[in-house]
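Colleague: Sequence:
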Amino acid sequence: MPGRLSLRLDDDDKIRISPRDDALAMLTEFSGEWLIYRDLAIALAAGLLIGVERGWTMRDENKGARVAGIRTFGLIAGLGGLVALISQSLNLVIAAILLTGVVAMLSISHFKTIHEPDGRSITNFVVSLLTLCLGLVAGSGYPALAMAGAAIVTGLLSMRSELHGLMRRLGPTDINVMIRFALIALAVLPFLPDRDFGPYEAFNLQQLWFVVILVTGLSFAGYVANRIFGAAHGTVVTAVIGGAYSSTAVTASLAQRLRGEETAGRTLSAGIALASSVMYIRVLLLTFLLARFAFVPLAMILAPAALVAAIIGLLLLRRSGAARSDESVETRNPIRLLPAFFFALTVAAMSLAARWAEAKYGSSGIAYLVLIVGSFDVDAAIITLGALPEETIMSDLAGFVLAMTVLANMLFKTGVAGFTAGWKKGRAAVAALAASSLVLAIAGLVSFVAFDIRF
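Residue numbers (this note's numbering): 401 to 855.
You may find that some hints are simply not true.
For each label pair, taking beta carbons as the anchor points, the in silico distance ranges come out as [what the hints assert, rightly or not]:
1) 556 / 681: 31 to 37 Å
2) 568 / 715: 35 to 41 Å
3) 551 / 589: 23 to 29 Å
4) 556 / 659: 43 to 49 Å
5) 598 / 834: 40 to 46 Å
6) 562 / 600: 49 to 55 Å
7) 590 / 504: 34 to 40 Å
8) 556 / 692: 33 to 39 Å
9) 842 / 551: 50 to 56 Å
Simulated from the structure, these hints should not be mistaken for lab results. C-beta: ideal position from N, C-alpha, C; glycine also.
Use the sequences and the hints to build the structure in full.
Modeller: Have a look at this one:
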């Protein structure tokens with residue numbers, strides 16, 4: 401049988417290996433040696449990749465002025481691979497001495513150049529150490545990780561101008577947003593237990609905080625996109641992006657500008673309508689991620705309303721005669737720590753209330769609870785439904801209830817637009833929101849009748 405070891409006994413009852421087994425042993429030995437050659441080659445390739453970027457960046461410097469180029473970085477990574485091989489196969493002490501010598505050589509070279517008149521930054525020194533480490537990683541049997549690391553390092557180095565330009569554009573608010581999102585996403589989640597506890601086993605701290613990260617992450621992504629594209633493309637693009645994290649805030653901001661605007665009224669109204677169309681997409685995305693069983697019924701109700709809002713917004717934009725405005729929408733910090741904790745407490749309370757309502761009143765109790773609370777916070781309603789066990793509530797009923805919470809939000813924004821901008825200047829925005837709300841109500845009614853939804 402192919403692949404089976406063939407053993408036989410000789411006259412002295414000794415086990416002898418057949419020639420086929422000798423060939424198999426040789427093949428195994430060759431395979432092991434090939435892996436060593438592969439790891440060393442990848443270590444060298446990782447260094448050459450980084451060296452190409454470093455050499456190209458310093459291509460205009462005088463001959464001999466460059467501390468390290470493509471050959472040097474390739475050799476540094478190759479040395480790292482050899483040191484890793486020596487530490488595994490020969491002697492750990494020798495490997496440690498070689499590694500210390502390479503690091504000392506790089507350090508001396510760096511400290512020698514920083515005292516020259518055209519002293520260099522520490523970047524080359526750090527990159528040299530990283531290249532050495534990537535060579536060690538490849539030589540230790542992790543070539544894929546080494547190549548991925550080399551690609552990331554090369555990418556960061558090649559983005560020098562873009563990253564420096566980004567730093568010049570950042571303001572205090574941007575730094576606060578990044579720090580707060582990092583605190584929410586990275587500093588809390590790893591320390592929370594992943595188990596159900598409490599009354600009705602309604603609480604799971606890790607899952608609860610994960611959905612907080614998801615919701616704030618959407619807001620963070622919208623804020624970043626707004627900072628990158630908003631200032632360059634004006635009101636409409638900023639409004640569309642802003643709708644990903646707070647269409648209500650965008651509506652209030654644009655409606656306030658509508659009151660004092662004389663020339664760009666249709667553009668501002670288009671921004672309000674398009675922000676609401678993005679809000680529908682955001683709700684559907686959250687539902688797909690957290691309460692997928694309700695996604696299809698909800699999409700059947702929201703899709704026509706989203707389409708109406710988008711069409712009216714685009715028509716207003718076309719009739720305005722301008723696809724952009726030089727002034728962007730004022731956006732606030734979308735990530736605040738206290739509201740994030742309050743949101744987590746709200747979701748926890750709703751989760752407990754939903755389990756209690758399900759135990760006492762069945763699916764109708766959950767539906768009424770989600771409808772009431774979701775009128776104030778649609779995200780919390782979606783998360784509550786997603787945390788419930790499967791088949792706790794019918795998908796058609798869940799989709800209908802979520803759609804009605806969105807309708808309540810749309811009616812509220814319609815009132816904000818009309819009250820803030822005034823009827824004369826805000827009638828286009830009010831008409832757009834009202835039309836979308838009407839289509840949403842009709843689609844909800846059709847769904848209620850067609851699927852015989854009962855509370």
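Colleague: Taking the hints in turn, state whether each one holds.
Modeller: Verification of the hints:
Between residue 556 and residue 681, the C-beta spacing of about 32 Å keeps the proposed range 31 to 37 Å intact. Checked against the given bound of 35 to 41 Å, the beta carbons of residue 568 and residue 715, roughly 39 Å apart, stay inside it. Checked against the hint of 23 to 29 Å, the C-beta distance between residue 551 and residue 589 comes to roughly 28 Å, which is consistent with it. Between residue 556 and residue 659 the CB atoms are about 46 Å apart, so this pair conforms to the stated range of 43 to 49 Å.
Taken as a hint, the range 40 to 46 Å holds for the pair residue 598 and residue 834, whose Cβ atoms sit roughly 43 Å apart. Between residue 562 and residue 600 the CB atoms are about 51 Å apart, so this pair conforms to the stated range of 49 to 55 Å. At roughly 37 Å, the beta carbons of residue 590 and residue 504 sit within the given window of 34 to 40 Å. The hinted window of 33 to 39 Å between residue 556 and residue 692 holds, with their beta carbons roughly 37 Å apart.
Distance hint check: the CB atoms of residue 842 and residue 551 are about 52 Å apart, consistent with the given range 50 to 56 Å.
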